[in-house]
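Q: The primary structure of each chain is shown beneath.
Protein chains: 2
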Amino acid sequence: MIENDLILRAARGISTERTPVWLMRQAGRILKEYREVRAGVGGFKELVENPEMAAEVTVQPVDILGVDAAIIFSDILVVPEAMGLPYEIKESVGPYFRKTISSSSDVIKLNVPNPEDKLHYVKEAIEITKGRLQNRVPLIGFAGAPWTIFSYMIEGGGSKTFSKARKMLYQNPTLSHQLLEKITQTTILYLKMQIKAGADMVQIFDSWAGILPKNQYETFGLKYIKEICDEINEVPVTVFAKGAWNTLDLQGNLSCNTIGIDWMVSADLARTLVGPDKTIQGNLDPCLLYAEDEVLVSETKKMLSSFGSRRHIANLGHGVYPDTNPEKVKLFINTVKDFKN
Amino acid sequence: MIENDLILRAARGISTERTPVWLMRQAGRILKEYREVRAGVGGFKELVENPEMAAEVTVQPVDILGVDAAIIFSDILVVPEAMGLPYEIKESVGPYFRKTISSSSDVIKLNVPNPEDKLHYVKEAIEITKGRLQNRVPLIGFAGAPWTIFSYMIEGGGSKTFSKARKMLYQNPTLSHQLLEKITQTTILYLKMQIKAGADMVQIFDSWAGILPKNQYETFGLKYIKEICDEINEVPVTVFAKGAWNTLDLQGNLSCNTIGIDWMVSADLARTLVGPDKTIQGNLDPCLLYAEDEVLVSETKKMLSSFGSRRHIANLGHGVYPDTNPEKVKLFINTVKDFKN
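Here the protein sequences come in this chain order: E and S.
In this text, residue positions in the first sequence follow this note's numbering: the first is 1, and each later residue adds one.
In this text, residue positions in the second sequence follow this note's numbering: the first is 1, and each later residue adds one.
Take these hints with a grain of salt, some might be off.
[As the list claims (entries may be wrong)] Mimicking DSBU-like on lysine-lysine, the simulated pairs with C-alpha atoms at most 35 Å apart in a straight line are:
(1) S:K337 / E:K32
(2) E:K109 / E:K226
(3) E:K130 / E:K167
(4) S:K167 / E:K160
[Unchecked claim] Partial chain S-side listing against chain E, Cβ under 8 Å, derived:
(5) R166
(6) P213
(7) W245
(8) L288
(9) A291
[What the hints assert, rightly or not] FRET-style restraints, in silico, Cβ to Cβ:
(10) E:E294 / S:I89: 40 to 50 Å
(11) S:R98 / E:G43: 23 to 33 Å
(12) E:P86 / S:K160: 41 to 51 Å
(13) E:E33 / S:S102: 50 to 60 Å
Simulated from the structure, these hints should not be mistaken for lab results.
Backbone N, C-alpha and C fix where the C-beta goes; we use that ideal spot for every residue, glycine too.
Between the sequences and the hints, there should be enough to build the whole structure, so can you do that?
A: And the structure:
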């Protein structure tokens with residue numbers, strides 16, 4: 001049904017003619033066409049909440065860059081907002097939550113909302129995107145992992161150390177689990193809505209996985225990712241726990257299809273730890289897109305060789321950085337497309 | 001000569017009656033006695049540049065907390081400043097450099113200064129501290145690793161991705177090496193001055209090691225740390241490359257005595273990768289100092305058992321966080337002191 005279903009086959013471990021490729025943060029940031037649309041609606045958050053325009057910027061990288069999948073333009077922070085904690089994006093600072101979580105009564109007040117109601121704009125954006133993609137490539141849906149959402153809810157924004165969120169884990173494990181469970185239930189409903197609306201695969205982003213000791217990430221991180229994976233059987237699921245190299249063995253036991261890795265982990269180490277039954281996604285250093293063409297091409301080929309021709313989805317090890325030249329991104333994509341393993 | 005030389009013996013692999021303990025960032029931040037002194041001189045940077053008062057806050061944790069070593073109160077950014085790039089500490093933002101490095105002519109303009117001249121205040125602070133310590137415990141000197149100093153020089157401050165500094169590595173490796181070499185030469189002179197002034201051991205802090213892929217950290221990070229280690233033979237040397245778990249095997253080949261690790265690495269993994277011939281320093285999660293006493297004590301004991309009784313220096317896996325209760329720090333220290341392996 002989908003013309004180019006390389007990424008779905010790669011996720012399921014079915015052989016493909018070549019390695020599929022897309023980029024985290026491909027919708028947005030680097031494209032002038034994106035910046036024009038964003039300026040037109042007023043800002044990042046306005047764009048996230050505008051289904052028509054969100055669909056437009058979702059499709060842009062398919063048309064302009066030639067990636068093998070679209071990913072819905074949205075933000076992981078729509079979930080805490082739907083649960084009762086509105087966010088703002090502060091220019092050159094990042095996300096900011098006016099209300100944060102610090103007590104049991106704060107947790108009780110949070111909703112497990114019906115996403116069809118509170119996150120209807122994401123559903124619509126997916127439906128419009130599916131119409132515009134006309135089955136050329138699959139559409140990826142996504143959500144933040146519970147630990148990362150939990151961190152934002154407690155910190156109220158980004159942090160270098162996430163010490164407030166981590167303090168909560170040590171000082172009040174019971175409350176931490178209650179909050180994580182509420183986030184998990186919301187996330188499951190939210191991903192199911194995305195799938196019903198048309199998402200062909202989904203990715204769970206655990207941006208702050210790399211700050212927790214192994215036993216804590218197992219208890220407060222992977223436990224809830226597992227709950228989500230166990231509930232989502234409709235489409236392939238990717239888990240990207242950035243920086244969580246020390247639990248890659250445990251990630252290999254999740255009932256998901258694909259594990260994302262960053263550029264600190266080698267293909268060999270990831271395969272050894274994750275085991276043979278998962279597809280691995282990654283892992284070019286996004287800074288290689290600043291390099292001379294020659295270096296970028298040779299490092300991309302080296303990366304592709306190191307993963308081999310099966311169970312690999314080519315991507316960066318992190319979202320593409322805002323000041324990246326789109327021509328470099330095209331070169332990366334075309335190098336993957338032309339590569340014969 | 002030094003009454004309590006546990007840490008020097010542990011670093012050299014000589015057996016000790018018990019595991020020595022100190023904390024990164026012990027001088028400052030958490031002690032009200034420190035905040036009083038800082039307020040008296042006007043601010044953080046004023047304190048760094050005031051030998052008398054820097055010596056006072058250096059000795060405070062020995063008297064108040066009972067640590068087995070003092071570490072000179074200073075900042076890694078005194079080196080870029082001595083080379084020609086002055087820094088400021090912006091309240092609730094962090095370090096900020098008005099001038100940064102972006103071209104070959106910028107690098108040429110940087111000095112390799114005589115630290116006896118430009119960093120005389122550190123020398124004096126060490127001399128005064130040694131007088132006040134009266135050989136009770138050793139004094140640790142320190143410097144930033146070249147890669148971390150390089151990052152600050154190019155970024156002009158902290159960053160989430162350090163993409164400017166990393167872009168330079170890919171776009172202009174020759175210039176990058178020139179700059180790293182200049183920083184390295186300055187750092188060697190600076191550490192030698194600290195040792196001459198009385199530092200009994202020195203630590204090299206590579207705060208941003210964890211952002212580079214393995215081959216790049218080898219080329220642009222460890223290469224210069226090795227140069228420093230090879231030049232410093234007078235006293236034991238500790239290398240703490242935070243987040244650089246994927247080069248622990250290579251760190252094991254450095255001619256230093258001790259390798260610091262963070263809380264993402266287990267004692268077993270560190271020992272396996274580093275090999276038997278180094279002391280390992282670390283690695284309690286600093287957030288455990290927020291936990292109930294019972295949890296803190298049991299996790300500290302677990303950590304101590306996992307390292308065994310030889311070639312271990314107990315510490316946190318990162319600098320102590322500013323809002324930590326000093327009573328918890330004392331409990332951590334006393335738990336180490338009372339522990340029988």
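Q: Could you run down the list of hints and mark each one as holding or not?
A: Hint-by-hint comparison with the structure:
| no. | hint | result |
| --- | --- | --- |
| 1 | S:K337 / E:K32 | violated (60 Å) |
| 2 | E:K109 / E:K226 | holds (25 Å) |
| 3 | E:K130 / E:K167 | violated (42 Å) |
| 4 | S:K167 / E:K160 | holds (21 Å) |
| 5 | R166 | holds (4 Å) |
| 6 | P213 | holds (5 Å) |
| 7 | W245 | holds (7 Å) |
| 8 | L288 | holds (6 Å) |
| 9 | A291 | holds (4 Å) |
| 10 | E:E294 / S:I89: 40 to 50 Å | holds (41 Å) |
| 11 | S:R98 / E:G43: 23 to 33 Å | holds (30 Å) |
| 12 | E:P86 / S:K160: 41 to 51 Å | violated (23 Å) |
| 13 | E:E33 / S:S102: 50 to 60 Å | violated (29 Å) |
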